[in-house]
Amino acid sequence: MRRSQIHLIGLIAVVCLGIAPYVLGSFSITLLNYIGIYALVAIGLALLTGVGGIVSFGQAAFVGVSAYASAWLSTTGGYSPWLGLILGAVLTCSIAAFLGFVTLRLKGHFLSLSTIAWGLAIAYMFGNIEGLGNYNGIASIPPISFGSIELIRSTQIYYLIWAIVIIAVLLAYNLLNSRVGRAMRTLRGGDTLVESLGINAFWIKLASFIIAALLAAVSGWLYAHMSRFVSPTPFEAGMGIEYLMMAMIGGAGSIIGGIVGAAIVTVLKNSIQDYLPLIAKGASGQLEIVAFSALFILFLQRARQGIVPYVAKFLPEPAHEPPPPAEPLPRRTQPPPGQTILKVDSAVRRFGGLIAVNEVSFEVRSGEILGLIGPNGAGKSTMFNLITGALKLSGGGVAFEGASVADKRQYQIARAGIARTFQHVKLRPRMTLIDNVLLGTYPRTKTGFWRGALRLNKDEEASAYQEALAQLKRVGLGDKPYELAGNLPLGSQRVLEIARALAADPVLLVLDEPAAGLRRQEKLQLAELLRSLRSDHLTILLVEHDMDFVMGLVDRIVVMDFGSKLCEGEPKEIRSDARVQEAYLGAVA
Amino acid sequence: MTPDIAAILGVDGIATGAIYVLVAIGTVLIFTVTRVIFIPFGDIAAFTALTLAALDTGQVPGTIGLLVALACLATLVEVTSLVRKQDYREIPYALFYYLALPAAIALAVWLLIPLKPPLPVRLAMALLLILPIAPLLDRIVFRPIADGTVLLLLIVSVALHFALVGLGLLFFGPEGVRTEPLSSFHMEIAGIMLSGQTILIVVAAIVFSVLLYLFFDFTLVGKSLRATAINRTGARLMGIRPARAGTVAYLLGSLMAGVSGILIAPVNTIFYDSGFLIGLKAFVGAIIGGLASYPGTAIGAVFVGILESFASFQSSAFKDVIVFSMLIPILIWRSLAALHSEEEVDE
Chain W
1 MRRSQIHLIG LIAVVCLGIA PYVLGSFSIT LLNYIGIYAL VAIGLALLTG VGGIVSFGQA
61 AFVGVSAYAS AWLSTTGGYS PWLGLILGAV LTCSIAAFLG FVTLRLKGHF LSLSTIAWGL
121 AIAYMFGNIE GLGNYNGIAS IPPISFGSIE LIRSTQIYYL IWAIVIIAVL LAYNLLNSRV
181 GRAMRTLRGG DTLVESLGIN AFWIKLASFI IAALLAAVSG WLYAHMSRFV SPTPFEAGMG
241 IEYLMMAMIG GAGSIIGGIV GAAIVTVLKN SIQDYLPLIA KGASGQLEIV AFSALFILFL
301 QRARQGIVPY VAKFLPEPAH EPPPPAEPLP RRTQPPPGQT ILKVDSAVRR FGGLIAVNEV
361 SFEVRSGEIL GLIGPNGAGK STMFNLITGA LKLSGGGVAF EGASVADKRQ YQIARAGIAR
421 TFQHVKLRPR MTLIDNVLLG TYPRTKTGFW RGALRLNKDE EASAYQEALA QLKRVGLGDK
481 PYELAGNLPL GSQRVLEIAR ALAADPVLLV LDEPAAGLRR QEKLQLAELL RSLRSDHLTI
541 LLVEHDMDFV MGLVDRIVVM DFGSKLCEGE PKEIRSDARV QEAYLGAVA
Chain A
1 MTPDIAAILG VDGIATGAIY VLVAIGTVLI FTVTRVIFIP FGDIAAFTAL TLAALDTGQV
61 PGTIGLLVAL ACLATLVEVT SLVRKQDYRE IPYALFYYLA LPAAIALAVW LLIPLKPPLP
121 VRLAMALLLI LPIAPLLDRI VFRPIADGTV LLLLIVSVAL HFALVGLGLL FFGPEGVRTE
181 PLSSFHMEIA GIMLSGQTIL IVVAAIVFSV LLYLFFDFTL VGKSLRATAI NRTGARLMGI
241 RPARAGTVAY LLGSLMAGVS GILIAPVNTI FYDSGFLIGL KAFVGAIIGG LASYPGTAIG
301 AVFVGILESF ASFQSSAFKD VIVFSMLIPI LIWRSLAALH SEEEVDE
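Protein sequences appear in the order of chains W and A.
The opening position of the first sequence corresponds to residue 1 in our numbering, with each subsequent residue numbered one higher.
The opening position of the second sequence corresponds to residue 1 in our numbering, with each subsequent residue numbered one higher.
Derived by calculation from the structure, the hints in this document are not laboratory data.
The beta carbon of each residue, even a glycine, is placed where N, CA and C say it ideally should be.
If we take Cβ atoms under 8 Å as the criterion, some of the chain W residues that face chain A in the derived model are: (1) A121; (2) N128; (3) I289.
Bound conformation, chain A alone:
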């Protein structure tokens, strides 16, 4: 391997890693606030890419159907639980948030498609369609078992991923997509070509990480999220609703995943099931950060990207084997570094 190749692989790895940074930070955010290890996060990213690709060609994206279906289901679950609690006054709110709002988004996008809107509008449309999905899934799948063990939530999360892969095939079909690059800009630094897309990816990762930091440190909602992450019961006593904090976390996380989906679509061909690998690799990065530290997660995700890039140069068939095998030493290192704590006892 010459230094030139190493440099190209390095740049490539950093760009891939930056994508993972976005997904990984969302994963950590959701884990700390809700204790759910949200495996389907990569699916959200892949669905965003597929949505954007459909919008680019003027087709109706499958996301609209998915969104409406999930909204109906979530409304059903929410209204049933409200009726059971005899909390009839909340029903109009539930209908608004779980049914009317997602339906309005779906309708707006559907009406806009024939007008052939410009790229920035299409990006906004794709993100708007994808944002409600994770919160709706949270309502349907995780809220009824919010107090279960991390392990139970993890099993459910893995099952949910497989459901989403099936839904992805149903709503998006088996074809892979690759969208137009967002920028045709090119530059050369020290003999290495940098595409505008690469720069965009890295910049986006940095910008969103900083925005998240500002959000957590300088807004009340952000602080309430941190409080929930540290101690759910304590936060509840301070008047913070963990369920609402969870919804905010899912929305924010989906935004990150959505952006990463948009950024990766011009670089890699995305299929309905590409999300699993993106999500899991981001997750390896998140574990390097101990599922808690955001800077650690960012460093970890970039490390995974670089590792993957070099591994695929050495042996492209085994790059996934190498990346996932890496997780084991990392987990051991993390569990050694973790403070001694009384283990969870479940009956």
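This is chain W alone, in the form it adopts within the complex:
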């Protein structure tokens, strides 16, 4: 499917929405209004939960904060609802920023549990504050008005609601396909991966959280001034899970899925209300929630992917149009050859009583390939994690280009110029090769949330694209940039990780057992690639235990055994060293 075709479909959808009030009855329009209002929240959740993997049960509370804020300001204060929108949005985003700041460091289900907690706390507050009408709520809220036109009838506010929904969809799509959007799509890969790319994972999570809250705030404002009445009920925990349900049924991570999910849930709820009394007389209210929860559970058991991703499988692939040629991204000046760039000075790391790394010192000089080898359990991987900041030092120091990295966060170390790969490949399997490599350019580009959402980033995006494509070609994967990373064989996935690391324009490339699990032919190709990188003056630190692979490739070797450094030297010396032979073979051979 070409881009113009997608635009055409979008245009038809907008036209259909535009003429709907002239075709449909007022009941259908009211239903569409609710769908639009719910869809805004669901789109926020699609970004937060579907893309970012942060499951929030508390969005209904955010909707409520904004609805109450605007309702209160426009009834008791008599101010314009537009001021109410500002108050609602600012208040909601501030609360979200505070809650996010406090809770977003929590992991997995702990984070979701905290959303239940504050969701409930906020919902209880609405019913207990006298100024907000306790459980009776606030009535006779003024409608939104444009000049002298008051949006009272459902067909009037309909256009406002759907204009906002369309804008939200466009902004969300742009955002997802921008630099920050790619970072958001990486959150599900875990913090270690995200931070290794020079991305501040916490900041991305916080921003996603505030964006979702902002959408909820707009939804709450529309709700308050459409129904002209607010009470605590629609903002309670039950509605929180209904929003989650909309986002998940539509398709976790799909923006359009937010609208589809909101439509399905709203229509379904309506028809359940219509038809249940026919089946079970007098018990419909109770059965409604039962039927609804049961359907949701069934959905989660059988079709977790959601509707839009399922339908998308049957549609033709969207055509990829590469961006125009652009200025290359600026490169950093590499240090002159032979200079010490990484200095490990009596590094110590303890895990309780176990000393995994014991007083290890070595240096990496620019332009060389240094091999760090040792038998299983020697402490190589721990050393690796100390250098990249994934683990903190218990003693000693690690300095990169003269600056200590001991108290720096992982993403700061990555930004300073250390790019890494992983022993167990960490790629985004559902993103294309080019998108995976584009992630590497994150520290070299600047586009933020707003510029990304408003598409003010075209030049930079084109430059980054060219850089990523160049790196793909450099490692030999340039022929199919739009393949999904998950479809590659393991050997190519490792090479793709190297391309991603290269896209960061690093000073030092640290590879964690890159030859593990590769076939002989793949190992030879990998060695060839690393040699070509060295001839481009890149410095490489290789953690490996495949002796054959290391011996023919590296300039110098550091050998570790039982957490300590055994010896250091050129491959020839190491090969004839009695201590190394003992460590590897158990006795002097």
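Please build the complex by placing chain A on the supplied structure of chain W, with the hints as guidance.
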């Protein structure tokens, strides 16, 4: 606040906390064995109270209908899955455990009601009716996704809670109930009145905690449960079926929740939807224990009870706001205390 009031609030808080201890320990038990954060646990407690109230007045409790409905559904799910696996020999067992056994309990209780049995028998009847519910729900709802992420199980669990609230209204109606106190005993220590009910609650919490400890440390079934909690795959290799361990955990947990429901019914008026708050507050206690440690959970649950008691004295409208807001600092403290581990990656 005078020391007298503080003492009364303290006693009240400990009694409330003891109720939460029972529910919280059940929650932790189920979480460690099955990785399900079983939010509907409070509902089980509330349903027990409603069942007992119905039995006290000689009515047929809604639990019977609920039990039979769930048993039929679970049997359907189990038999379908067995037929699909072409495992026809297991079908008679499935019919016995999932259909005949719950139906027999329901029938027995139904036949006993007109005989107006004494209180201890009514208590046993209420517990017998409530025990199979959680295991049946496990079969219907959680078993098909037993290998999903904790997060998926949590979402399902929250949805299940809402389904149960609806079912509760359907089967028990909207009226609140308060049962007769189990004991009319009163005593005074240092000027503070202690009711028999309060003492009973605290004693029950202690007794059941100790029994659970003995069960885990000195019986083979208990040890197999602990093994499953520590490592499902490892336990499976040792011939332990995680599904069966899960059923045992749900039964034990339901017993705890049921007892707490019986104990709280004379103290608080219980509605069909009261369970949510009981469950969530117990859950706050469980999180203080890190969802892993039983003594930690007990201390946490008592702390929540005391906090709630003092909060309701200061501002009764905001007591729930205060209790749930507390969860956030606790979660942060817990996640800081948690050991560094590779995060769950889900696609």
